[in-house]
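Keeping their order, the protein sequence lines are chains Y and E. Numbered per the working numbering, the first sequence spans residues 1 to 478. Numbered per the working numbering, the second sequence spans residues 1 to 462.
Fair warning: there could be bad hints in the mix.
To be verified - What follows is a list of derived Cβ distance ranges for each label pair:
{"id": "1", "chain 1": "Y", "residue 1": "161", "chain 2": "E", "residue 2": "330", "range": "36 to 42 Å"}
{"id": "2", "chain 1": "E", "residue 1": "53", "chain 2": "Y", "residue 2": "146", "range": "41 to 47 Å"}
{"id": "3", "chain 1": "Y", "residue 1": "264", "chain 2": "E", "residue 2": "162", "range": "34 to 40 Å"}
Claimed, not checked - Below, computed lysine-lysine pairings styled on BS3-like, alpha-carbon distance capped at 30 Å:
{"id": "4", "chain 1": "Y", "residue 1": "449", "chain 2": "Y", "residue 2": "278"}
{"id": "5", "chain 1": "Y", "residue 1": "92", "chain 2": "E", "residue 2": "297"}
{"id": "6", "chain 1": "Y", "residue 1": "198", "chain 2": "Y", "residue 2": "157"}
{"id": "7", "chain 1": "E", "residue 1": "155", "chain 2": "Y", "residue 2": "445"}
{"id": "8", "chain 1": "Y", "residue 1": "229", "chain 2": "E", "residue 2": "29"}
{"id": "9", "chain 1": "E", "residue 1": "332", "chain 2": "E", "residue 2": "433"}
{"id": "10", "chain 1": "E", "residue 1": "97", "chain 2": "E", "residue 2": "336"}
{"id": "11", "chain 1": "E", "residue 1": "110", "chain 2": "Y", "residue 2": "451"}
{"id": "12", "chain 1": "E", "residue 1": "110", "chain 2": "Y", "residue 2": "445"}
{"id": "13", "chain 1": "E", "residue 1": "53", "chain 2": "Y", "residue 2": "195"}
{"id": "14", "chain 1": "E", "residue 1": "428", "chain 2": "Y", "residue 2": "92"}
Since the hints were made in silico from the structure, they are not lab data. Note that the coordinates shown come from a computational prediction; the quantities given were computed from them, not determined experimentally. Glycine included, C-beta positions come from ideal geometry on N, C-alpha and C.
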Amino acid sequence: MSTAFYNKFERHSNGVGLKGHSTHYCAGCGHGIVHKYLSEAISELGIQDDTVMVSPVGCSVFAYYYFDTGNTQAAHGRAPAVAIGHKLANPKAMVISYQGDGDLASIGLAETIAVAQLGSPLTVIFINNAIYGMTGGQMAPTTLMGQTTSTSPDGRKQINGQPIKMAEQIAQLDGPIYVERVALFSPAERNKARKAIKKALQLQKEGRGYAFVEVLAECPTHLKITPDKSEKWVKENMVPIFPLGVKKDVDVEPWWDIKEPIFDSEKILGLIGGTTEKTERFCKEFPSHIHPADISLKLAGSGGDGAQTAAILVTTAGINEGFDGTHIPAYGPESRGGTSYADVHIAKTEVLNPASPLPHILIAYNAPSLAKFGSSVTNNGFILFDNSVAKEFEPADSSIKVIGVPFAEIAADLGKMVVKNIVSLGALAAATNIFPRETFLATIKQALKDKASLMPLNEQAFDRGYKAAKDCMQTKGY
Amino acid sequence: MAQKAERPKPYLVPEYCKGCGRCVGVCTKGCITFSEEINHQTGIAPVKLDLEKCNSCGLCIDACPEPFSLLAVESGETVDSKNPAKLFLDKKNDAIKPIAIANQEIPMPKTEPMVIKGNYAAAIGAMIAGCRHMYGYPITPSTEGAELMAKFLPKMNGWYLQAVSEVATINHMYGTAGAGLPTMTFTSSPGFSLMVEGISYMVGAELPSVIVNVMRGGPGLGNIAPEQSDIKFACRGLGHGNTHAICLTPSTPQEVLDLTIEAFELAFKYRNPVIILLDGYLGQMTGKVNLPTHLNKPGIPEWAVYGDRAHRGNLINSIDLAEPDLERRNEKICAKYATMKAHARADNFMTDDAEILLVACNTPARISKGAVQNLREAGVKAGLFRPITVWPFPVEQLKTLLPKTKQIVVVEASAGQLEDELRLELNKAGVEKLPEIRHIRRMGGNLPQQADVVAYVKSIAK
Numbered sequence: 001m002s003t004a005f006y007n008k009f010e011r012h013s014n015g016v017g018l019k020g021h022s023t024h025y026c027a028g029c030g031h032g033i034v035h036k037y038l039s040e041a042i043s044e045l046g047i048q049d050d051t052v053m054v055s056p057v058g059c060s061v062f063a064y065y066y067f068d069t070g071n072t073q074a075a076h077g078r079a080p081a082v083a084i085g086h087k088l089a090n091p092k093a094m095v096i097s098y099q100g101d102g103d104l105a106s107i108g109l110a111e112t113i114a115v116a117q118l119g120s121p122l123t124v125i126f127i128n129n130a131i132y133g134m135t136g137g138q139m140a141p142t143t144l145m146g147q148t149t150s151t152s153p154d155g156r157k158q159i160n161g162q163p164i165k166m167a168e169q170i171a172q173l174d175g176p177i178y179v180e181r182v183a184l185f186s187p188a189e190r191n192k193a194r195k196a197i198k199k200a201l202q203l204q205k206e207g208r209g210y211a212f213v214e215v216l217a218e219c220p221t222h223l224k225i226t227p228d229k230s231e232k233w234v235k236e237n238m239v240p241i242f243p244l245g246v247k248k249d250v251d252v253e254p255w256w257d258i259k260e261p262i263f264d265s266e267k268i269l270g271l272i273g274g275t276t277e278k279t280e281r282f283c284k285e286f287p288s289h290i291h292p293a294d295i296s297l298k299l300a301g302s303g304g305d306g307a308q309t310a311a312i313l314v315t316t317a318g319i320n321e322g323f324d325g326t327h328i329p330a331y332g333p334e335s336r337g338g339t340s341y342a343d344v345h346i347a348k349t350e351v352l353n354p355a356s357p358l359p360h361i362l363i364a365y366n367a368p369s370l371a372k373f374g375s376s377v378t379n380n381g382f383i384l385f386d387n388s389v390a391k392e393f394e395p396a397d398s399s400i401k402v403i404g405v406p407f408a409e410i411a412a413d414l415g416k417m418v419v420k421n422i423v424s425l426g427a428l429a430a431a432t433n434i435f436p437r438e439t440f441l442a443t444i445k446q447a448l449k450d451k452a453s454l455m456p457l458n459e460q461a462f463d464r465g466y467k468a469a470k471d472c473m474q475t476k477g478y
Numbered sequence: 001m002a003q004k005a006e007r008p009k010p011y012l013v014p015e016y017c018k019g020c021g022r023c024v025g026v027c028t029k030g031c032i033t034f035s036e037e038i039n040h041q042t043g044i045a046p047v048k049l050d051l052e053k054c055n056s057c058g059l060c061i062d063a064c065p066e067p068f069s070l071l072a073v074e075s076g077e078t079v080d081s082k083n084p085a086k087l088f089l090d091k092k093n094d095a096i097k098p099i100a101i102a103n104q105e106i107p108m109p110k111t112e113p114m115v116i117k118g119n120y121a122a123a124i125g126a127m128i129a130g131c132r133h134m135y136g137y138p139i140t141p142s143t144e145g146a147e148l149m150a151k152f153l154p155k156m157n158g159w160y161l162q163a164v165s166e167v168a169t170i171n172h173m174y175g176t177a178g179a180g181l182p183t184m185t186f187t188s189s190p191g192f193s194l195m196v197e198g199i200s201y202m203v204g205a206e207l208p209s210v211i212v213n214v215m216r217g218g219p220g221l222g223n224i225a226p227e228q229s230d231i232k233f234a235c236r237g238l239g240h241g242n243t244h245a246i247c248l249t250p251s252t253p254q255e256v257l258d259l260t261i262e263a264f265e266l267a268f269k270y271r272n273p274v275i276i277l278l279d280g281y282l283g284q285m286t287g288k289v290n291l292p293t294h295l296n297k298p299g300i301p302e303w304a305v306y307g308d309r310a311h312r313g314n315l316i317n318s319i320d321l322a323e324p325d326l327e328r329r330n331e332k333i334c335a336k337y338a339t340m341k342a343h344a345r346a347d348n349f350m351t352d353d354a355e356i357l358l359v360a361c362n363t364p365a366r367i368s369k370g371a372v373q374n375l376r377e378a379g380v381k382a383g384l385f386r387p388i389t390v391w392p393f394p395v396e397q398l399k400t401l402l403p404k405t406k407q408i409v410v411v412e413a414s415a416g417q418l419e420d421e422l423r424l425e426l427n428k429a430g431v432e433k434l435p436e437i438r439h440i441r442r443m444g445g446n447l448p449q450q451a452d453v454v455a456y457v458k459s460i461a462k
């Protein structure tokens, strides 16, 4: 009979002596039988080269001693999570998550359920022997009521909960396509187990979906009975609690057809918006009349004012002109509604600190923002505010220019409140001469991308803001 | 009778029989019996076979848990139990020596500078580095990175898989990394805590991965504002065992992009996770970013368990029951740590004649940079030493500045985690004469403020 076992178990005590050809399992353990059926199925299906066997933590931690396939050993309970990582890395791989009851039904419950629900083609073999083997006979999630273990010395009681029925749990999920519980205690049951294991692999091979086979297995050592009695024990005690049979078997057409990942520079640039097109520059020099090296702005309003968008536009405009620029949005829950403010820096060569505690320029979209930040503006700075919603502001120093422009009123007049922030940028350009009009319009155009039809409206908004600011400055004699 | 004779009969190799007797009960002909005769090689009494009545039903072979104990022998075949080549019958060992498929560099056209935020810069860097497998669990303030990957990766036939938890995330990464492919995640402090078990496994199993931790206020649920809360954790506490990983601390979106690309190179070079520590402020910070000249198309390393013929013989694990084996594994890993020290890196700003040396990384470094500028304007000889790697700590670079340094001021958004690294590494480097070490620390989501740094340094400047 052909199998996918190694000829010699080199990893078992370095293959020295008898260990080179015998398993580490105790006499009569069900693991060995399941290993054999799995190994035969791998061989019969011709998938040995493609198979990745994921060994869990538990007695089968050393499954990789035996299977002449790719092998990965996972952390306790994480085998299905690791398995899906392998499957997505190589969708053509045949990935088997082989797990015991502590691994699958206790510590790894979240991963077990979540990966089953994904439904990606994967084969999960679950060895349920109602006890913890590797750690020495402690209570498992599948330990039967009244069953004595080293951590349920007086028998499993109500306070320990009842044995968890994984096959039924998995079968009620939408993801899996095939779930069966089998056993090893008789030739007839072993035959069903062998067939179920092969079917679970076949379904993965055909790209149909996730399959789960729960095997009721014997642990004579920790049941403290002979192997033949442990077979009887499983039949008489486990089967009534864990009924055998197919729990789910749905017909699914092969669907797992995953394309090769794309590594193409045009594709990436297209997605992230990288462009080889030179952006036009309109600035003759850095606007050093505001600050010789680093101009700091604060844009403040409430959610919906467009302060962040305006901030990004100013930053982008600066970078398009070949300067450095940064933008920091108001940080915290208020960025999801309520107050919204942004710190922006435009620097000749490098923005050192991107925060704007003492801005050269403040744009305030409402009265609270004006009140909160108005007095932080540095001498010789600028305060631009929406005078359709806020009253005139007295600056801390007479060198600070305060320019009121009805951002909201102009936007309402244009029929689109969303252009309120563009009005404010027009006002910014007029009041501070930070960048020429063309710089702003080119940046707005770039940001609108495929919504170029909105450009005339934005241009109008910008110009209205520009004019209103100029008018105000003239009135105030700036 | 002729038909039956063609089916295989059992052949017992007594050395590999554990005497469990699962075969005994299934034989309806009574061919197999328990024996009390102990095999002197195993100390176990194997079963006994008397095949006179055997009808070749094969049930005993099906019941045997051992691969090589009860063999199926085809009619006419003979078994030589002393000759393993014949003993294991038709099983051929045809695994081939693992081979490596090399990475490919794909040129990128020269593009205009982009305007992107720190979290996006990390995501874009990962895509350029060839990462097509991103796993994650949403957590503020790191989510934008994951969202960008979720949007773009499927368009490049890659995967964004939202895991059931950070524990699952790091183990999805373990699987993909085990297959030899670049993989990464975005997380923030509480999520990072959940990942360290998996990071320890990755270090043990020598798997590459990149973890972007956009640090936030702690401990516990803390808040979502920026803190450098995980420096100690990332440098000294990556799970159980002798674990370390290169920890990169960028301070601008450009550096986030560049270091993310480099992080993948380092992860594969050393077969070890690489941690990128951002703070929430930097993650949200938008800035100017130039793209590199190449993107990477990853190959498959020799060691990978990819699930193909070329890599069938490989194993990813971190278990060594024999103490000498585990000590050897640790020694190998520690030797890698020693070579990683060559990647210790720092950036100096106005340090040439600095008497007061600010030390800061991430956003506090930018705040300090602004402060240094102010201090210089006020005539104070201040400079900034900015570690770009906090592990390995750039202690050699720092040492060269010490002769002129009268005072060190560590500026950080934590309770002295960076300062601890600095003191520990100076101590390990045998620096006996230390300048006075002072600090400015903020916590709870507050960053040190430029004005406060300036005022403090002025107050200590003599």
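Results for each hint:
no.	hint	verdict
1	Y:161 to E:330: 36 to 42 Å	holds (39 Å)
2	E:53 to Y:146: 41 to 47 Å	holds (42 Å)
3	Y:264 to E:162: 34 to 40 Å	violated (25 Å)
4	Y:449 to Y:278	holds (15 Å)
5	Y:92 to E:297	holds (19 Å)
6	Y:198 to Y:157	violated (37 Å)
7	E:155 to Y:445	holds (26 Å)
8	Y:229 to E:29	holds (21 Å)
9	E:332 to E:433	violated (34 Å)
10	E:97 to E:336	holds (25 Å)
11	E:110 to Y:451	holds (26 Å)
12	E:110 to Y:445	holds (22 Å)
13	E:53 to Y:195	holds (28 Å)
14	E:428 to Y:92	violated (50 Å)
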